[in-house]
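Asks: Please assemble the complex out of the two chains, which come individually in their own frames, going by the hints.
If you read the protein sequences in the order shown, they are chains H and F. Residue 108 in the working numbering sits at position 108 of the first sequence; the count goes up by one each step and never skips. Residue 72 in the working numbering sits at position 72 of the second sequence; the count goes up by one each step and never skips.
Please note that the accuracy of each hint is not assured.
[Unchecked claim] With a straight-line Cα cutoff of 27 Å, these simulated DSS-like cross-link-like pairs (lysine-lysine) come out:
(1) F:59 - H:9
(2) H:9 - F:96
(3) F:96 - F:56
(4) H:57 - H:9
(5) F:57 - F:70
(6) H:57 - F:101
(7) H:57 - F:70
(8) H:57 - F:96
[As the list claims (entries may be wrong)] Label pairs and their in silico Cβ distance ranges:
(9) H:62 - F:94: 39 to 47 Å
(10) F:24 - H:70: 20 to 28 Å
(11) H:96 - F:10: 34 to 42 Å
Simulated from the structure, these hints should not be mistaken for lab results. Think of the CB as a built atom: it goes at the ideal place given N, C-alpha and C, for glycine as much as any other residue.
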Amino acid sequence: DSGVTQTPKHLITATGQRVTLRCSPRSGDLSVYWYQQSLDQGLQFLIHYYNGEERAKGNILERFSAQQFPDLHSELNLSSLELGDSALYFCASSPGLAGTDTQYFGPGTRLTVL
Amino acid sequence: TQLLEQSPQFLSIQEGENLTVYCNSSSVFSSLQWYRQEPGEGPVLLVTVVTGGEVKKLKRLTFQFGDARKDSSLHITAAQPGDTGLYLCAGDRDDKIIFGKGTRLHILP
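Looking at chain F on its own, in the form it has when it is part of the complex (with noise of 0.2 Å):
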């Protein structure tokens, strides 16, 4: 069984909708990490929620941490065609990093 779980695993809308996506766990986290992986590259970091019931911005996109710190949300406004890749959340558990599998958006222009 995984321990983080990202849904859906696959999304494709149109370019200006809004979309969340959902990274679950039955675990604590002490920490939750969201990167974006573009094809050929390596994962890039974008924000890290450390309190539960955090909500961090950036720009367009909008991260939350659930207050039990077992879940997180991403939430995109106005989505953009540069907004396409494979979306990563990640957690610190007992010094190993999990990874969920991710969720891969495409956004139509």
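Okay, chain H solo, but in the shape it has when bound (with noise of 0.2 Å):
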């Protein structure tokens, strides 16, 4: 257990709709990072936040956006949902900035698009 948590596990859902997924970091991180892994592009980096402002920006589509809050607790929103955008969401919380630090990894929600 690496004691970061994402809800929900599963989540099955139509094109066109919008859904939240929710992630809760280790006590005491500040960071959090968000990943889209699929088979074809493997683990994407979409966008990592620190102490509640955004700190980098990867591939992360304009329909996707993400916000952490006060509590340290952060949601990916991703809306206008296609088929494509299938995939284990991961996310994954460190204590700090630093490249070098552990990045934790929940065990990501899969999202199916039908």
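Replies: The structure is reproduced here in structure tokens:
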């Protein structure tokens, strides 16, 4: 158990819909990262928040947005869903900002768009 | 193009054999990390290498960071079925974490 929790574990929805994925970091960790993992693209970095502020953006679509709240939990919002958005979505947390920090990954949310 | 290329993509070997998997890039990274991911779970960090030429050992696993900090290798000695999984390398570039697509390793008992 990494100490990072993600809900829901599974999500099935239809094209065009909007969903929200939730992540609670390990106690004391200030950084939250979101990733998308699909079979063909591998693990893709989406976005990084540190102590409530956006730090870096990766391959995140404009239909996707995220935020980190004062209690440090984070939400990833996916809208106008397409079939290609079906994937595993992971969040990870780390203590600070260093690239050498250990990232602790949650168990993931499996999103299926029908 | 993938910034971090991992090879081979798939590897299936017998228990007790040795193996090496590679993580290569044309870019310099300040550090590289290796993760292992098992089905249905998130990746788990194995090691971070920071200095060019650095070698780190974790029991039967040996990690090496290239002198130019553009590549890394993972060598497993006497592979065991418990080593089965997806091995991912990752590098930090401009505050973005770049992952390779991974090597899927299967150790046959």
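Asks: Does each hint hold? Answer for all of them.
Replies: Here's how the hints hold up against the structure:
1. Of the pairs offered as hints, the one joining residue 59 (chain F) and residue 9 (chain H) is violated, with about 33 Å between alpha carbons and a cut-off of 27 Å exceeded.
2. A C-alpha spacing of about 26 Å is found between residue 9 (chain H) and residue 96 (chain F), which places the hinted pair at or below 27 Å, so the restraint holds.
3. Restraint check: the Cα-Cα separation between residue 96 (chain F) and residue 56 (chain F) comes to about 24 Å, which is no more than 27 Å; the hinted pair holds.
4. For the hint pairing residue 57 (chain H) with residue 9 (chain H), the CA-to-CA distance comes to about 24 Å; that is within 27 Å, so the pair holds.
5. Of the supplied pair hints, the one linking residue 57 (chain F) and residue 70 (chain F) holds, its CA atoms being roughly 19 Å apart against a limit of 27 Å.
6. Our distance criterion of 27 Å between C-alpha atoms is met by residue 57 (chain H) and residue 101 (chain F), whose separation comes to about 19 Å.
7. About 23 Å separates the Cα atoms of residue 57 (chain H) and residue 70 (chain F), which keeps this hinted pair within 27 Å; it holds.
8. At most 27 Å may separate the alpha-carbon atoms for a hinted pair to count; residue 57 (chain H) and residue 96 (chain F) meet this at roughly 7 Å.
9. For residue 62 (chain H) paired with residue 94 (chain F), a C-beta distance near 20 Å fails the hint of 39 to 47 Å.
10. The hint said 20 to 28 Å for the Cβ distance between residue 24 (chain F) and residue 70 (chain H), and at roughly 42 Å that hint is violated.
11. Here the CB-CB span from residue 96 (chain H) to residue 10 (chain F) is close to 36 Å, well matched to the stated 34 to 42 Å.
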